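Enquirer: Sequences listed follow chains A and B, in order.
Taking our numbering, the leading residue of the first sequence gets 1, the next gets one more, and so forth.
Taking our numbering, the leading residue of the second sequence gets 1001, the next gets one more, and so forth.
Rather than coming from a laboratory, the hints here were simulated on the basis of the structure.
Because the structure is a prediction, the values reported are computed rather than measured.
The reader is advised that the hints may include incorrect statements.
Stated by the list, open to error - Computed spacing ranges between beta-carbons, pair by pair:
| hint | chain 1 | residue 1 | chain 2 | residue 2 | range |
| --- | --- | --- | --- | --- | --- |
| 1 | B | Ile1251 | A | Gln245 | 27 to 37 Å |
| 2 | B | Ala1077 | A | Arg62 | 37 to 47 Å |
| 3 | A | Ala53 | B | His1234 | 23 to 33 Å |
Stated by the list, open to error - Partial chain A-side listing against chain B, Cβ under 10 Å, derived:
| hint | residue |
| --- | --- |
| 4 | Pro12 |
| 5 | Gly13 |
| 6 | Ala110 |
| 7 | Ser112 |
| 8 | Met113 |
| 9 | Arg177 |
| 10 | Ser180 |
| 11 | Ala181 |
| 12 | Gln182 |
| 13 | Ala184 |
| 14 | Thr193 |
| 15 | Pro195 |
| 16 | Glu196 |
| 17 | Arg197 |
| 18 | Lys199 |
| 19 | Ile206 |
Ideal placement from N, C-alpha and C gives every residue a C-beta, glycine not left out.
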Amino acid sequence: MLKDITLGQYFPGDTVVHRLDPRTKLVLTLVYIAALFMVGSWGGYALVFAALASVAAVAHIRPRALLKGLKPLVFIIVFTAVLNLFFTGGDDILFQWRSIHVTWSGLKRAVSMVLRILLLVSGTFMLTYTTSPLAITDGLEKLLSPLKKLHVPVYELSLMMCIALRFIPTLIEETDRIMSAQKARGADLETGTLPERAKALLPLLIPLFISSFRRADELALAMECRCYNGGEGRTRMKQLRMAWQDGVAFALGAALVAGILLLRRLGI
Amino acid sequence: MSLIELRDLTHIYSQGTPFEKVAIDSLSLSIEAGQTVGLIGHTGSGKSTLISHLNALLKPSSGTVLLDGEDIFASKAAIRAARFRVGVVFQYPEYQLFEETVFADIAYGPKNLKLDNAEIDRRVREAAAFVGLDAGQFDRSPLELSGGQKRRAAIAGVLAMEPDVLVLDEPTAGLDPAGREDLLGRLFRWREVRGATIILVTHDMSIANRCDRLVVMSEGKIVLDGTPEAVFAHGEQLVSIGLDLPAAAHIAKLLRDQGLDLPAGIYTLDRLAEAILALRGKGASPC
Chain A
1 MLKDITLGQY FPGDTVVHRL DPRTKLVLTL VYIAALFMVG SWGGYALVFA ALASVAAVAH
61 IRPRALLKGL KPLVFIIVFT AVLNLFFTGG DDILFQWRSI HVTWSGLKRA VSMVLRILLL
121 VSGTFMLTYT TSPLAITDGL EKLLSPLKKL HVPVYELSLM MCIALRFIPT LIEETDRIMS
181 AQKARGADLE TGTLPERAKA LLPLLIPLFI SSFRRADELA LAMECRCYNG GEGRTRMKQL
241 RMAWQDGVAF ALGAALVAGI LLLRRLGI
Chain B
1001 MSLIELRDLT HIYSQGTPFE KVAIDSLSLS IEAGQTVGLI GHTGSGKSTL ISHLNALLKP
1061 SSGTVLLDGE DIFASKAAIR AARFRVGVVF QYPEYQLFEE TVFADIAYGP KNLKLDNAEI
1121 DRRVREAAAF VGLDAGQFDR SPLELSGGQK RRAAIAGVLA MEPDVLVLDE PTAGLDPAGR
1181 EDLLGRLFRW REVRGATIIL VTHDMSIANR CDRLVVMSEG KIVLDGTPEA VFAHGEQLVS
1241 IGLDLPAAAH IAKLLRDQGL DLPAGIYTLD RLAEAILALR GKGASPC
């Protein structure tokens, strides 16, 4: 069933991490990514992992949910590992067979690259698992608002993103419904040659397009009926406010960066 | 042997995630050939999930669906056979129209059955006649039709597959009373002519009234099952799970509260009129 797709992958909850201001989470995610690239020692990876694990624990994110999210990346991870393992030069050869050779530094590099990808993606999951797409959009809009001075249409961009996100579940539902209806009329979407299958998609795509246009029209009308006329001077129902928890979160983020730099200095 | 038999059917959405929801909870039901069965229940009671199992669109989390005693999930061929024997018309079916002409759209199902052109032509014409679409509309784009005509064309698309069982999910939703009566009459006539079975999902009690048998669902389970009279006799239970009584039963209750001596078991307007006239005959002038 299409319904099982976790888009945006938001898991509602009521933990400290969920309640943090989305701006805090966005900035800290960036800090986390930067920190990850500053890591220069195994101890650094351990520290990042510990930070990640504690955020996950506080936010009640089960390891299984994280692993499920990482599944689509298996190919990239394996590819990176193989590439680094076999194609890193050096004289500290660990293993050699004909023209294939694996060096000690290659092994180290492969492991550290894989760790980096895993930690990077899991780290961004902390943002998307605990923040609703709408909150992320709100936060982004606020963070980007200085760009308005440069005539970047920040408000329009965030409205577009907001509408797009809002309609993803509706669209999935609609697809599901039309798919069921056409299957009930004997549509065969699973078998056949490629051109046959592409043709079999038409009964699905045409009604979807029609209803998307209809919906866009209705939405525009509904917005105009409520006197919508652009972003200028609009206030919002949900005001974003920083609280003391956000301060603590920033302090912890700074501590993480400091810790990584220290470990790098010490070479642990 | 029953035509359709559900044994211990359970369906759980998003199993193993925080969004897990039990839509159908170990439900058993058998339906005999030739019946018109009304499936009623509040929004979210599992009606729509249930009907998606009847033509193998949804696979049960546990339990079996038997059609003529055979498991419809036994093989790919069995699934496909069930799709054609059990025709399902979903809610607002007009949104599934996609072909360039009305004729081609109605012919989509029969074409998937790999019938020859003469047979397809016969079925399309017959189905269109059943729902009351005249042949003059065949060459128009389905998008140019009015709302009611679109609905008819979409239903004809399923009728043209000549299923043994026709399942309709709120077929009259959004139609005006005259359109509703007309469409229902045509569906019932189709059932008589074809000797088919109809399963009608509705929460309109005046429609439920006209079925041979009513199955009432609440929270994924069957709570009442029987003739409309037997089911409506449990008026309070129906109200407690968020359903209405037929208008006639409601009026009869109000009249009884006013002190009129009306007998129990009035669920149709005809019955109500008779009962009131009978009172009048007795001399206890109600007016």
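Enquirer: What are the numbers of the hints that this structure violates, sorted from low to high?
Expert: Hints 1, 3, 6, 7, 8, 14, 15, 16, 17, 18 are the ones this structure does not satisfy, whereas the remaining hints hold.
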